[in-house]
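J.: Sequence:
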Amino acid sequence: MPELPEVETIVRELQECLPGKQLTVIEEFYPGTVRVSSKLPSINLNHCVFYGIIEEVFRRGKYIYLVFSSGYAIVIHLRMTGKLVILSRASSIKDNIVNNQNNDHSYDLKHIRATFIFSDDTSLIFNDPRTFGKIDLIPFCDLELLFDKLGYEPLSSEFNSDYLGEAFLERRISLKKSLLNQNIVAGIGNIYANEILYRCKLLPSRIVSNLLEEELINLVTAIKTTLAEAIDCNGTSISDYRRVDDKQGTFQNFLQVYGKKSCPLGHSLSVDKFDGRSTYYCPVCQK
DNA sequence: CCCCGAACCTGACAGC
DNA sequence: TGCTGTCAGGTTCGGG
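Quick note: the first sequence, position 207, residue 299 per this note's numbering, numbers continuous.
Treat each hint with caution, since some may be false.
[To be verified] Estimated spans, in silico, between C-beta atoms of each pair:
| hint | residue 1 | residue 2 | range |
| --- | --- | --- | --- |
| 1 | Ile265 | Glu236 | 22 to 30 Å |
| 2 | Gly112 | Val376 | 52 to 60 Å |
| 3 | Asp212 | Ser301 | 50 to 58 Å |
[Unchecked claim] Derived pair list, reagent style PhoX-like, types lysine-lysine, alpha-carbon separation capped at 25 Å:
| hint | residue 1 | residue 2 |
| --- | --- | --- |
| 4 | Lys269 | Lys226 |
| 5 | Lys131 | Lys226 |
| 6 | Lys226 | Lys241 |
| 7 | Lys293 | Lys379 |
| 8 | Lys365 | Lys353 |
| 9 | Lys353 | Lys293 |
| 10 | Lys379 | Lys365 |
| 11 | Lys339 | Lys202 |
| 12 | Lys269 | Lys379 |
| 13 | Lys226 | Lys353 |
FYI, nobody ran anything at the bench for these hints, they're computed from the structure. Ideal Cβ placement from N, Cα and C applies to all residues, glycine included.
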């Protein structure tokens, strides 16, 4: 579900309330959700452990990072349907989950896969119907390894047409596939890939090594403006995505092609499978 | 290097 | 109403 703008929105909200909190317990309700690095043998999810103080919360690509004073980090990936919700009175929440009750809560307890309990009796709930989302506990020194696997941040100055030209050199892959490749650029998913390609008037099937300099520049501009506008809208809420406070983003009101029948100029859109993903494009506007 | 399909899951929705 | 099939915003793996 969530792509860069949605994850960025969530991270900004977490930055408001998480730093300074002391994590005391991590509970896992769906096996395999929380994975502890083999380099952290001292951490046992079955016991109450002092995990330290949250010093920093940030985003890289679609990953959310919580950095702790005790020298390790938690990496969260929401995948398709993951959601994070901050709740007060953590102790009563836990009882409800264990008893599978849904007393006064508007959210669905049955999809809670893990909870982080803090010393002030608040908690961060990880809710994920499809169970694809993952939470990793790693030593802080391993963060760099994860960063190295990701391409540049699309909104950074390093991400420009020179970089893309280099990355696309002699690559015989389609433009659509390249935008979804997190090693090339980090954070773009299927919805924004469709929107970006419509905005820069390029067909998803274009082979990246054949792009002209001008097309690369237009592509980079479309990537940056689309993502920035979506962040300003707090993301796109199509079905599952909600912000930490359960409010919705509003960028779905500005989508031009994803899920549409025709483009803003009235041409019928084509829907093809690219890389196994629904791809909406305008055969008239996009070249 | 590149492509494709499968796998991980549940829920929503269309059609009969 | 209820069954069945299809689809869903992500990532990783193996095989060709």
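J.: Which numbered hints does this structure break?
T.: Violated: hint 13 alone.
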